[in-house]
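Single-letter residue listing:
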Amino acid sequence: MITTSNVTKRFGHVEAVRSVSIDIREGDRYGLLGPNGSGKTTLVRMLLGLVYATSGEISVLGERIPRHASRVLPEIGALIEQPAAYPHLSGRANLRLLDAAGPGSVRRTRHARVDEALEQVGLAGIDRRPVRAYSLGMRQRLGLAAALVRRPRLLILDEPTNGLDPRGIRDMRDLLISLNESGVTVFLSSHLLPEVSALCTRIGVLDSGRLVLQESLADLQQPTGRVLVSTDDPERAVAALDGQVEHRDGQDLVVRSSDAAALNAALVGAGVRVHSLAVQRRSLEEIVLDVTGSGSDQFGLAVDLATAASAEGMAGE
Amino acid sequence: MIAVELFKLVRRPRTWISVALICALPLIVAIFIAVTHLAPPPGAGSAFLSAVLDDGQLYPAAALALVLPVFLPVAVAVVAGEAIAGEASTGTLRYLLARPVGRTRLLVAKLISVITFVLLAVVAVTVTSYATGVLILGPSRAAAVGTAPGGLSGGIAPGAGGAPTAGLQAGAAITSLSGAPLTTLDLAERVLGAVAFITVSMLGVAAIALFLSTITSSSLGAALGSLAALVASEILVALNAATAVQPYLPTRYWLAWIDFFRQPIFWRDIQRGFAIQAVYVVVFLAAAWANFATKDITT
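The listed protein sequences correspond, in order, to chains A and B.
Heads up, the first sequence is in this note's numbering, so the first residue is 1 and it goes up one at a time.
Heads up, the second sequence is in this note's numbering, so the first residue is 318 and it goes up one at a time.
Don't read these hints as lab results, they were simulated from the structure.
Treat the hints loosely; a few may be bogus.
Derived Cβ-Cβ restraints for the label pairs, each shown as a range [as the list claims (entries may be wrong)]:
id	chain 1	residue 1	chain 2	residue 2	range
1	A	GLU116	B	ILE429	28 to 36 Å
2	A	ALA100	B	ALA595	26 to 34 Å
3	A	LEU228	B	ASN608	31 to 39 Å
4	A	ARG107	B	ALA607	51 to 59 Å
5	B	ASN608	A	ARG167	39 to 47 Å
6	A	GLY62	B	ALA337	49 to 57 Å
7	B	ARG589	A	ARG210	55 to 63 Å
8	A	PRO87	B	LEU323	16 to 24 Å
Ideal placement from N, C-alpha and C gives every residue a C-beta, glycine not left out.
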């Protein structure tokens with residue numbers, strides 16, 4: 001659906017994107033991660049033919065970009081950084097106007113498509129108020145509706161959850177998953193790891209303009225071969241597990257085991273009361289911080305706290 | 318896309334407010350003159366104003382002379398300067414281009430929208446001032462036309478306002494005017510010619526503003542930049558030391574439309590005016606296109 005090979009973009013002396021080769025397949029929910037300023041937006045703009053690559057090749061839906069952009073762009077819905085609309089017009093008028101602009105729109109179905117897109121993003125009830133009176137969240141929803149008006153095969157969304165409240169974020173996620181299940185490929189960029197973690201099937205990580213990782217999330221999050229056990233009888237558990245316990249922190253144990261069910265049976269057999277038992281997987285935070293190395297603070301406070309907590313948990317290792 | 322741009326033009330309150338303001342100035346002037354019966358003496362004040370008390374039908378020409386130096390170029394610069402820069406600063410430009418609207422197509426649509434605005438403004442002034450002239454100043458009293466269109470300055474010089482001071486000296490240029498009366502049909506033709514000439518002159522302004530609009534994402538910057546170019550041109554036109562470059566300045570022949578009201582029509586400056594504006598339009602539109610078509614859209 002999207003492939004780039006060795007794409008580089010230089011703005012003057014600054015190399016915003018350095019020799020990036022990404023590959024998004026049909027049916028993916030692909031998340032492009034990276035700190036602010038890592039080149040995500042520049043890459044997205046190059047995919048849409050807004051910014052011209054200094055070198056390298058881009059192909060979207062089988063056509064070269066930017067040369068044949070006009071052939072494929074009608075099949076792509078895009079949200080590029082913030083949504084934008086003419087503030088003195090209503091949301092509906094904005095969608096109709098944008099749909100009427102450029103080729104590839106069927107006038108006969110415009111009314112129905114606009115209504116459908118508004119319905120999908122939860123704005124079915126909007127009245128004739130001008131967009132100027134909209135809240136940030138409503139504007140974001142309208143921006144997504146604009147991306148959906150042409151019933152695209154591919155969605156390219158740059159920071160789609162910006163400005164949304166928790167409810168809006170969940171609505172957005174549900175909508176993207178259901179669109180994806182109906183055959184729409186979703187490519188989104190974000191610096192919010194939990195969002196990508198909850199939504200995407202594959203990820204790419206940009207760091208200072210370079211692609212440092214591209215993998216399916218399921219592969220990245222294989223079990224680590226450890227099980228986290230919480231019990232109010234840790235002494236008896238340690239005795240029963242005989243050397244398998246790698247780390248103990250109060251009632252929480254990290255146990256080396258590739259078979260959680262067998263471990264659970266063993267504990268119950270030894271009369272240990274187990275509160276919780278979970279297969280350990282690497283979090284997206286750990287994965288991303290691992291490959292991006294320095295500059296973890298750029299990922300924001302939430303991640304910092306998460307790392308701090310996990311560093312604390314692993315202190316005994 | 319053209320329909321979309323025209324829809325945007327028509328739906329913007331600013332379009333109508335600026336047209337209304339441009340039409341309001343001549344109306345105010347007409348009311349003052351009608352009430353006081355004090356038209357400027359021949360050779361002083363804005364062109365044609367001295368004659369309008371004799372013939373209200375001549376008021377469209379006087380009205381155009383009133384709005385040409387400042388009001389019209391300001392409005393045109395604002396609309397054309399906003400064309401691309403405005404879309405860039407609201408962020409809608411990237412969505413239009415990703416739709417996709419071809420960059421050349423967008424520029425052409427914007428140009429047509431600007432031309433429409435210029436025509437709208439010029440025609441609105443002509444029509445409202447004709448009505449004003451006939452209703453407030455009274456119809457023709459069989460006066461000779463062009464007896465004394467005086468004070469032929471082009472002035473967007475600061476402080477000159479609607480009554481610019483003499484630039485092209487009255488006495489020198491006016492004596493060739495005959496006193497032959499014009500029929501209403503004749504007058505209508507000449508007004509049409511003047512409207513066409515002024516529209517083309519304004520397109521020169523529009524082309525400069527449109528070019529600047531593709532460079533910056535600040536509408537205000539593009540509008541003020543093109544006005545600054547006009548002010549500079551005005552200053553040079555009035556400067557004897559700059560005689561060598563004067564024939565190539567955009568505002569040099571701005572007032573040549575007045576020659577439509579001479580008997581016979583004095584074509585030389587009119588033709589030169591059309592030619593120089595055509596050059597400005599072509600050069601700046603080409604520059605605008607070259608810049609916009611190859612530009613990274615990062616706004």
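Structure-based check of each hint:
| no. | hint | in the structure |
| --- | --- | --- |
| 1 | A/GLU116 to B/ILE429: 28 to 36 Å | 32 Å, holds |
| 2 | A/ALA100 to B/ALA595: 26 to 34 Å | 32 Å, holds |
| 3 | A/LEU228 to B/ASN608: 31 to 39 Å | 60 Å, violated |
| 4 | A/ARG107 to B/ALA607: 51 to 59 Å | 33 Å, violated |
| 5 | B/ASN608 to A/ARG167: 39 to 47 Å | 44 Å, holds |
| 6 | A/GLY62 to B/ALA337: 49 to 57 Å | 52 Å, holds |
| 7 | B/ARG589 to A/ARG210: 55 to 63 Å | 59 Å, holds |
| 8 | A/PRO87 to B/LEU323: 16 to 24 Å | 19 Å, holds |
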